[in-house]
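**Student:** Below are the chains, spelled out letter by letter.
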Amino acid sequence: MRSHEYQFRLVELRQVLGLPLVVVVGLVFVMHLADFTGLLPDPRPLLDMDRTILFHQASAARTPQKADLLLLGDSSCLMDVSAPALGRLADRSALNLGTLSYVDLAADAALLRAYAAANPGRLRTVVLLLHPTTLRLGQQSGYHSELVWRFLSRADLPGAGFESWLGLDLLRSRLLARLLPVPLPGLYGATYGFTWDLWRQLDAHSGTLTDPGRYDPLAPMGSAEFRLAGGWEGACAVLRAAVPSGVTLAVGVTPCPASFVRPETAQSCRTLLTTLGQWLRADVVLTNLPLMLPDQEFASLTHLNAQGTPQFTSTLAGLLKQK
Amino acid sequence: MLFNSDVFLRFFAAFLLLYYLARGSLRLRNLLLVAASYLFYGWWDYRFLALLLASTVLDFSVGLGLQATQELPLRRAWLGLSLAGNLGMLGFFKYYGFFAESFATLLGHFGLRPSLLTLHVVLPVGISFYTFQTLSYAIDVFRRKIPATRDFLRFATYVSFFPQLVAGPIERGGHLLPQFSQTRTIARTMVIEGLWLMIWGMFKKVVVADNLAPLVEMVYHAPPNSSPMVILATIAFGLQIYGDFSGYSDIARGIARVLGFELMLNFNLPYLATNPRDFWRRWHISLSTWLRDYLYISLGGNRLGRTRTALNLWLTMLLGGLWHGAAWNYVLWGCWHGGGLVAHRAWSGDRNNAEGRWKPLAWAGTVLFVSYGWLLFRAGSLERILALTSALAHWNAPPYIYSYLLSLTVFSAPLLLMQWWQSRSGDLLIPLRLPPLVLGLVEGLLIWSILIFWRKDSTPFIYFQF
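Protein chains in written order, with this note's numbering: chain S, 922 to 1244; chain R, 164 to 629.
If you are wondering where the hints come from, they were derived from the structure by calculation, not from laboratory data. A hint or two may mislead.
Claimed, not checked - Quick look at which bits of chain R chain S covers, simulated, 3 or more residues with Cβ under 8 Å:
1. 286-299
2. 369-383
What the hints assert, rightly or not - In silico lysine to aspartate or glutamate, EDC-like type, Cα no more than 20 Å apart, as pairs:
3. K619/R x D969/S
4. K619/R x D1090/S
5. K1242/S x D1204/S
6. K619/R x D971/S
7. K619/R x D1124/S
8. K308/R x E356/R
Unchecked claim - Per the computed footprint, the stretches of chain S lying under chain R, defined by three or more beta-carbons under 8 Å from a beta-carbon of chain R, are:
9. 925-935
10. 939-953
11. 1086-1092
12. 1107-1119
Just so we're clear, the structure is a prediction, and the values are computed from it rather than from any experiment. Don't be surprised by glycine CBs; every beta carbon is placed ideally from N, CA and C.
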C-alpha cells in the first residue's frame, strides 16, 4: 500500500515557497543598499544593558561637556560614585565614564582621548577607580573593549556570519533599537525598566548608575585577595599616555564588604595601590579611600548600594579637595 | 528538540526528503515517522524514550486485552491496568515531590517532622500529553468507541507522532490512528495551509510570545506596588501564553498537514469568548474536551442533579489545573475556573452566549475573569499571588511605564489584529484568501520578522513544562 501521494508537481511549489523567499532576499538587499548609500541612521545599539552602558559612556565621551573631573574605571566606578554629588562636594563638574570590569584600560584610554578631543582644555583631573576583583582577575573581554572602540568611532557592532549577511545586525542596531526599548533583566529591570530608561538615568546622573541589589554576606566564597594580575603594567602605560599634559591623574580602589576582607590584608591592598600608582605614574594615589565598608552598604560584592554610594562619594570628594 | 531551533530546521528538512522517498510504502513511512519521532523526543534526554515506549507497550497491550474479552470485570481490570500504569507514571514523575512536600509541610504545622523520602525527579517533557493520549485510546476501546489496533507500529506512530508529541493537540485514537492506516493525499492546498500555519505559529512564538516574556518577568519576578504594572503584565502574560501555546499548536498542525495528516483545532479565538464556558470551548480544546469526555462524564456529568453537576464541573477543573503542574497556584487556577463555570451555569442555565447589548459587557467580564486566572497561573507561589493581588490597590506607576506600554503594544498588535480579522471574516485561515502575490509578501515579512527575533538559545515553549 502506498504511503502518500502528492497531488501536485514539485515545480508548483515554486510559487508557494519562492515568493516569500524572494521577499526576504529583497529585504536583505534593501538593507545592504540603504547601508551602502548611507541612508541608514548611525548605530544606536541600545540592545541590552551592557551595550546601553558602553554606548552611553562612549557617546558622552565624544560630546561637548562641562566636566573638568572625569571618572574612569570598571562597574564599581560606575556604581559607587555619584558624579553629580562628587561635583557638588568637590566644587567641580564631574562626569562618570565608568564602564564594566571586562573593558580594558586601553578602551578607557580611548574614552579619555575622545573626551579630551571633544572638550579641549577643559579637563583638570582624571580619577581611575577599580575594584580589587578586577585587578586580581585582569581578564578583560576583547569583545566588550572592541565595542567601546566601535561606539567611539560610530561603527557598527561586530558582524555575526549569516545574521550579518542577512542585514539583521544593521536592522537591529540602527533601526530597531531606535524604535523599541528592550527590557532589562532581573532587579535592574524592576528598577530601571528598559534600555531607553537606563539611558535617561545615565544621562540624568552624569553617567552614574545605582545597583539596586542587596548584598548577601553568605553568598561569596572566600575572602578578598589583593594582588595584581599580569598585564596591568602595560595597560597602565597605555592609559597614562592618554592623559593630556597638565591634567592630574588620581588612582584608587573601590571598597569591599567588611565581612569579605580579612583585616591583615589591608597592608597588601595599600601595596597593590602603590604599585598601580607607580605603573600609572599617577599624580595622586588615593590610599585613604576606605578599603572596606559595612556589608549593609553594598548591593553586591563589587557595588555599593544607594546607602553606601553617598558615603564613598563624600570621602572621595574630600580627598580630591585636599590634593 | 524545539521547533524554534536551528537543529529542528535541519532535522525537518532531512526528514521531508526521506518522507518523500518513503512514499511508496505505508509501513516504511510509519517506521520513518516512529524513528524520527523517537529521535525528536530523545534529543532532550534519551532516557525519556523508555517511558514513551513503556506507555506505548502498555496501552497497545491493554487495547488487545480489551478486544479479546467481553467480560466486564476483565475489561475493567484491563482498563484499570492502563489507568494505574499511566497515572502512576504521571503521578511519580510529576506529583510525587509536590505531595510529599505538601504532606511534610502539613505535618510540620502539628509539630511533626516526618522523614519522607523526597526525590528531585526530573519531569520528562510532554509526559502529561502522551499519557493522556494513550489513556484516551484505552478508554475509547473500553467504551467500544473504537476497535483496538493490532498493528504495533501504527500504534507507536500514533503515540509518538512528533509534531504533537510534547505539547499536543491531545489526539484521540478515533481521529489520528486511522490516518496511519491510510494512503494520505497531499494536495497543493494542504501544503499552502501547512506552510502558513508553520509561519504564523512560529511568528506567534518567536516574535510575540518571546518578546512579551521579559515584560511579564519584569513584574512577576519582583512584584511592584503598582496596579497599572500588574494589570499590564497580566495582559502581557495572557497574550504571551496564547502566542506561545497556540503558536506551538499551529506549527504542529502545519507540519502534520504538510505530511498529509490532520490534527484537531486546539485554539479558536479564545479571547473573544463571552463567558467561562465559551472560553473553554475555544482554549486548549483538545484538553478541555478530554476532561469533559473522560473525567466530567465519568464523574456523572450533568445527570445527577444540579448540586452534583456543579461539583463535577468544579472537580474537573480543579484536576485540570493540577494537570498543568504540581503546585498550589495551578490548583487555585483550576478552582478559579471551576468556580467560574459553576457560577456561569447557575446564572445562565443552558444558554450559551450573551447576545445583543450585553455581549460587550459579557466579553469584558470574561476577559477580566480569565486574566485574574492568568495571574494565579503565572504567579508561581501563594506569596506572590498575595503580593500581586494587593498591588492592585496601589494606583501608581514607575517612570518606565511608557516604554512598557510601547513594547506591549508593538508585540501584541499583530496577534490582536489577526484575531480581529479572523473573527470578522469567520475564517481562521483568512490570510490564505489573499491574492497569491499579497500572501507571498505577508509570509515574506513574517519570515523576516522571525529571523530578526530568532535566538540561538531557543526559548522553550511554556507548555513543555507540563
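**Student:** Of the numbered hints stated previously, which ones are contradicted by the structure, given in increasing order?
**Tutor:** Those not satisfied are hints 1, 7 and 8.
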